[in-house]
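Sequence lines, in order, name chains A and B. For the first sequence, numbering that gives the first Met the number 0 gives the first residue as 0, with consecutive numbering after it. For the second sequence, numbering that gives the first Met the number 0 gives the first residue as 0, with consecutive numbering after it.
Source of the hints: derived by calculation from the structure; they are not laboratory data. Beta carbons: idealized from backbone N, C-alpha and C, even for Gly. A portion of the hints provided could be inaccurate.
As the list claims (entries may be wrong) - Pairwise CB distance ranges (calculated):
#, chain 1, residue 1, chain 2, residue 2, range
1, A, 253, B, 28, 43 to 53 Å
2, A, 255, B, 246, 52 to 62 Å
3, A, 107, B, 13, 49 to 59 Å
4, B, 17, A, 148, 47 to 57 Å
5, A, 53, B, 96, 53 to 63 Å
6, A, 157, B, 18, 49 to 59 Å
7, B, 11, A, 240, 52 to 62 Å
8, B, 96, A, 244, 47 to 57 Å
9, A, 138, B, 246, 21 to 31 Å
10, A, 53, B, 5, 47 to 57 Å
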Amino acid sequence: MPIHSPRAALIAVLAALLWGCGGDAKGGDAGEDGGALTIAAASSLRDAFRVHGEHTPGEERFSFAASDQLAAQIRQGAGPDLYAAADRRYAEELAAEGLVEAPLVFARNELVVAVPADSPIRSIEDLAEGGRALVIGADGVPAGEYAREAIAALDPPLREAIQAGVRSEEPDVKGVVGKLLQGAADAGFVYTTDVVAAAGALRAIPLPRGASPAIEYAIGVVASTETRERARAFAEGLLEGPGARTLAEAGFEAPG
Amino acid sequence: MRAGWFAVLLAGALALALVFLTLPIAAIFLEAGPGELWSSLGEPQALDALKLSLTTSAIALALIVVVGTPAAYLLATRSFRGRELLVTLVELPLVVPPAVAGIALLAAFGPEGLLGAAVADAGLQLVFTTAGVVVALTFVASPFYLRAAQAAFEAVDPSWVGAARTLGASESRAFVTVVVPAALPGLATGAALAWGRALGEFGATLVFAGSFQGVTQTAPLAIVELFGSDFDAALALSAVLVAVSAALLVAVKLVAARAGTGLAGRGAGDARG
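Bound-form chain A, shown alone:
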């Protein structure tokens, strides 16, 4: 018996390994109809997509991160069933490469300057005062790209003051929100939906009309999916009925 049990354990381990390999080769459980739908989505969609998932039949598995990071994962062969980006251009680039099928614009968002609710900052001009610690998204991250676009459109003195105040470039928009909620930063460039999600902890300062970038979210079925129908149903469900209401409650606007 003392000889048999380790041998049995070894066989069990080898069997598990081989089983794992076999499962992978077939695409795993996630690809079957009964399995979970895997959805790679922009961080800013976290709350809305979770609620939408509860209203959609079947199980979903979410991966929330910056849209550029998720796109890079898809290019490296990661195979979610759906990809939702905070900038339609990211989904369209993947579509042009044949990795995502015809992306659908499903929502619009607005870039704002968010400050802690008790902040003395009242206007965008207040950001120019010395010593303000500002946080934006990193280069390449949609929230960071939009922020750069907005800052570039401001008047030169204000623009330069704001650029000089940037203390951190976060890998996704939730990182910016975190720095604000922790009181580490005085102001940050986030989406209006992030301010809604912060439930009163943050206050939004709108950008001047000419500096507010057009922000369109797009979702596309990943070409390698094995659950095309379910993925499409999830995506199309965002355009009307409960899905559209969920997005509106989170602060998104309907596509124009």
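Given chain A's structure and the hints, the job is docking chain B onto it.
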């Protein structure tokens, strides 16, 4: 035959571990060509990140060694009530996820943290500064050194210290001339592990200090940022970081081995005398 299966099991386990641990590292170098590697070092972002990683981790390591060596010696040589508790507390950051470490540091030293006002009064700014990176690295890397140093001191034969004391050496003198040289291989291993951990730090740095090129963006943070926009550049910087870390590890092992053999020779001489 009976004895054979166990040897096969051991060899199989080692082979599995080796393949699993080395294949991803090898893949970095196989995927990133030498040309890309070289040109990635010309990128200001990558270069700034590497420089920042090396300087902040070196400062953190110096702090860890200066404070950690005597602290570990105390834990290794004195027995007192609550010692086990202290040892566990000191090791706690090992099992705390890095992002949690960052949140904990914010809760302690952040502008709205427990000691936030005291930190500000002292004229220190940690959040969004290079000093904050050093704090984050020190926090996550310290236990690696403390553990190794404590084990190394515990392995030093107390009779050597006793001999030095009977020859008239004070405890501090015996510590410097006898204990530290004897424990050096273990101390060096601990320092190498702590340095490696500091070089690879990501979560605590991002949450506590932020990410800004040249100020707080260390190599791991730059790699994650590059991953989204330029996979080849991310791969190349990864390869450089692996090479630097591996070189550190090998250098420390060589130093430790030399110190160890020198000491063994001396020990043998002592035994003969």
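Going down the list of hints, with the structure as the test:
{"no.": "1", "hint": "A:253 to B:28: 43 to 53 Å", "verdict": "49 Å, holds"}
{"no.": "2", "hint": "A:255 to B:246: 52 to 62 Å", "verdict": "55 Å, holds"}
{"no.": "3", "hint": "A:107 to B:13: 49 to 59 Å", "verdict": "56 Å, holds"}
{"no.": "4", "hint": "B:17 to A:148: 47 to 57 Å", "verdict": "49 Å, holds"}
{"no.": "5", "hint": "A:53 to B:96: 53 to 63 Å", "verdict": "28 Å, violated"}
{"no.": "6", "hint": "A:157 to B:18: 49 to 59 Å", "verdict": "57 Å, holds"}
{"no.": "7", "hint": "B:11 to A:240: 52 to 62 Å", "verdict": "56 Å, holds"}
{"no.": "8", "hint": "B:96 to A:244: 47 to 57 Å", "verdict": "36 Å, violated"}
{"no.": "9", "hint": "A:138 to B:246: 21 to 31 Å", "verdict": "30 Å, holds"}
{"no.": "10", "hint": "A:53 to B:5: 47 to 57 Å", "verdict": "52 Å, holds"}
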